[in-house]
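A.B. asks: Those protein sequences? They're chains A and B, same order as listed. Residue numbers for the first sequence, in the UniProt record's numbering: 1 to 261. Residue numbers for the second sequence, in the UniProt record's numbering: 1 to 261.
Calculated from the structure, these hints are not laboratory results. Treat the hints with caution; some may be incorrect.
Since copy identity is lost for identical chains, a pair holds within one copy or between any two.
[To be verified] Simulated pairs of lysine-lysine, DSS-like, Cα-Cα distance not exceeding 30 Å:
no.: 1; residue 1: 60; residue 2: 218
no.: 2; residue 1: 134; residue 2: 57
no.: 3; residue 1: 201; residue 2: 60
no.: 4; residue 1: 60; residue 2: 134
no.: 5; residue 1: 201; residue 2: 134
None of these values were measured; they are calculated from a predicted model.
Chain by chain, the residues:
2 protein chains.
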Amino acid sequence: MATGRTHRPATRSRGIPEATVARLPLYLRALTALSERSVPTVSSEELAAAAGVNSAKLRKDFSYLGSYGTRGVGYDVEYLVYQISRELGLTQDWPVVIVGIGNLGAALANYGGFASRGFRVAALIDADPALTGKPVAGIPVQHSDDLEQAVRDNGVSIGVIATPAGAAQQVCDRLVAAGVTSILNFAPTVLNVPDGVDVRKVDLSIELQILAFHEQRKAGEEAAADTALPAAAAAAVRKQSADQVSADQGPDGDVPAVMPA
Amino acid sequence: MATGRTHRPATRSRGIPEATVARLPLYLRALTALSERSVPTVSSEELAAAAGVNSAKLRKDFSYLGSYGTRGVGYDVEYLVYQISRELGLTQDWPVVIVGIGNLGAALANYGGFASRGFRVAALIDADPALTGKPVAGIPVQHSDDLEQAVRDNGVSIGVIATPAGAAQQVCDRLVAAGVTSILNFAPTVLNVPDGVDVRKVDLSIELQILAFHEQRKAGEEAAADTALPAAAAAAVRKQSADQVSADQGPDGDVPAVMPA
DNA sequence: CCATCTTTGTGCACGCGTTCACAAAGACAT
DNA sequence: ATGTCTTTGTGAACGCGTGCACAAAGATGG
Numbered sequence: 001m002a003t004g005r006t007h008r009p010a011t012r013s014r015g016i017p018e019a020t021v022a023r024l025p026l027y028l029r030a031l032t033a034l035s036e037r038s039v040p041t042v043s044s045e046e047l048a049a050a051a052g053v054n055s056a057k058l059r060k061d062f063s064y065l066g067s068y069g070t071r072g073v074g075y076d077v078e079y080l081v082y083q084i085s086r087e088l089g090l091t092q093d094w095p096v097v098i099v100g101i102g103n104l105g106a107a108l109a110n111y112g113g114f115a116s117r118g119f120r121v122a123a124l125i126d127a128d129p130a131l132t133g134k135p136v137a138g139i140p141v142q143h144s145d146d147l148e149q150a151v152r153d154n155g156v157s158i159g160v161i162a163t164p165a166g167a168a169q170q171v172c173d174r175l176v177a178a179g180v181t182s183i184l185n186f187a188p189t190v191l192n193v194p195d196g197v198d199v200r201k202v203d204l205s206i207e208l209q210i211l212a213f214h215e216q217r218k219a220g221e222e223a224a225a226d227t228a229l230p231a232a233a234a235a236a237v238r239k240q241s242a243d244q245v246s247a248d249q250g251p252d253g254d255v256p257a258v259m260p261a
Numbered sequence: 001m002a003t004g005r006t007h008r009p010a011t012r013s014r015g016i017p018e019a020t021v022a023r024l025p026l027y028l029r030a031l032t033a034l035s036e037r038s039v040p041t042v043s044s045e046e047l048a049a050a051a052g053v054n055s056a057k058l059r060k061d062f063s064y065l066g067s068y069g070t071r072g073v074g075y076d077v078e079y080l081v082y083q084i085s086r087e088l089g090l091t092q093d094w095p096v097v098i099v100g101i102g103n104l105g106a107a108l109a110n111y112g113g114f115a116s117r118g119f120r121v122a123a124l125i126d127a128d129p130a131l132t133g134k135p136v137a138g139i140p141v142q143h144s145d146d147l148e149q150a151v152r153d154n155g156v157s158i159g160v161i162a163t164p165a166g167a168a169q170q171v172c173d174r175l176v177a178a179g180v181t182s183i184l185n186f187a188p189t190v191l192n193v194p195d196g197v198d199v200r201k202v203d204l205s206i207e208l209q210i211l212a213f214h215e216q217r218k219a220g221e222e223a224a225a226d227t228a229l230p231a232a233a234a235a236a237v238r239k240q241s242a243d244q245v246s247a248d249q250g251p252d253g254d255v256p257a258v259m260p261a
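Turn these sequences into a full structure, and let the hints steer you where they fit.
C.D. replies: See below:
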């Protein structure tokens, strides 16, 4: 994914491992909550608990950013909030464009977690003419024809794709051609992009499938553990017979994330 | 698998690495698409390309499931679809309950990718009395008071939390108490659960923040290149120079303040 | 039946990420 | 100042995941 890293070991700020970057938003969230409660300092142990990670991992993560803690005391909350925000690039304004204003796209447009972290929804795009001009989250939806102009006029470098799978690649190509270099993809499709463009994907059904795998494993172990089971696991067993739905018609098509309206 | 005797016989789910499990849904999606096009067999190279992964990785992943391929030919699409579906537990019906029917919850209820993979939305729960009884995606919303009963009546073992952050832990506790053992959490909060309960989280803003980090890095490199070279060569240089980055920029002002609910 | 060609399955090595464990650093009390 | 106590920052070991490279396995053609 990430384009070739440098041969630079860990000089200054740029040696930050990908795994650490992925956790910085977690720390930032926990720190922001502490900041609101006017907590002045926090130890690695406390903050790690709040962020749901190991304290040693947290300290090592922070060590990549620099030495921002005080031994015997902990970390200054406000200072750390600022440092992490700066490192993540959240001290600047990031205009984003959302393409595909179905259920999911609309939910994303309304999502408060974006605006509060410097992400500003600059434009909403949908192929359906019936939606054009209709306001969603206070922003009028623009037709797909205006995609390129919306990107350029707003200086957008981050695009969000919430279209059906079939349209995703085409939308992606147009976004990239218009100058977008980072894409958050909610469509269940693999996107092909040129070098220099980052893609992150969120597939809602994949997470559920992973849960189902572990759930099945748990159920199997329980069943194997004790043949005669108390009422406790009755629910698990009932899954089988609850609804023997096999959505006939064979394999599901790869399904659009949203309904177009 | 000639050396399979001293180690775990990878016959069952026991030996499958977590990273492999996370990719199985990807393979399944690609295979399903091939199946719809009535493609009989597929090579690891082709399938890997369709799934967006390395072919060696794919072969190794499949080797954990067993030897389902034919050397010189490839993999039988239908057979592999079945094997992966079975491994993931998708051959059975998974009733799920969605708690928090806001924009996101409603989008999830309407999401086609769930039903097509054996996940059936058994109940929708929301604390707002104004929503009670109102149908969303054809399913009437139930009040929070009915959470436990909805879980038990439907034999639900997978719960989806799409509530505001402040309500998530409480909802989680109630779900777990009612018998749910797997939770997909969309609320921006760390959930505490007892042993034996799996939690996977999806935080929409985290993904954007990670993109912003890389975007900032790219912008910094371009800026560094621009100062050193004529603007015309900037694009060409972008990919090459990844090492040196100007440390900081001026005070940009705005700092992300609060976490939404 | 043998030769050749294709593609799988995997041994191996390497690098990243995680965790442990502890010395160094600073706060604080006396 | 000096000692004690707390907590950071990190060296080092370990384990997992990834990718290479190739032998084995089977198909295919002569």
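A.B. asks: Check the structure against each numbered hint from earlier and tell me which ones fail, lowest number first.
C.D. replies: Hints 2, 4 contradicted; others consistent.
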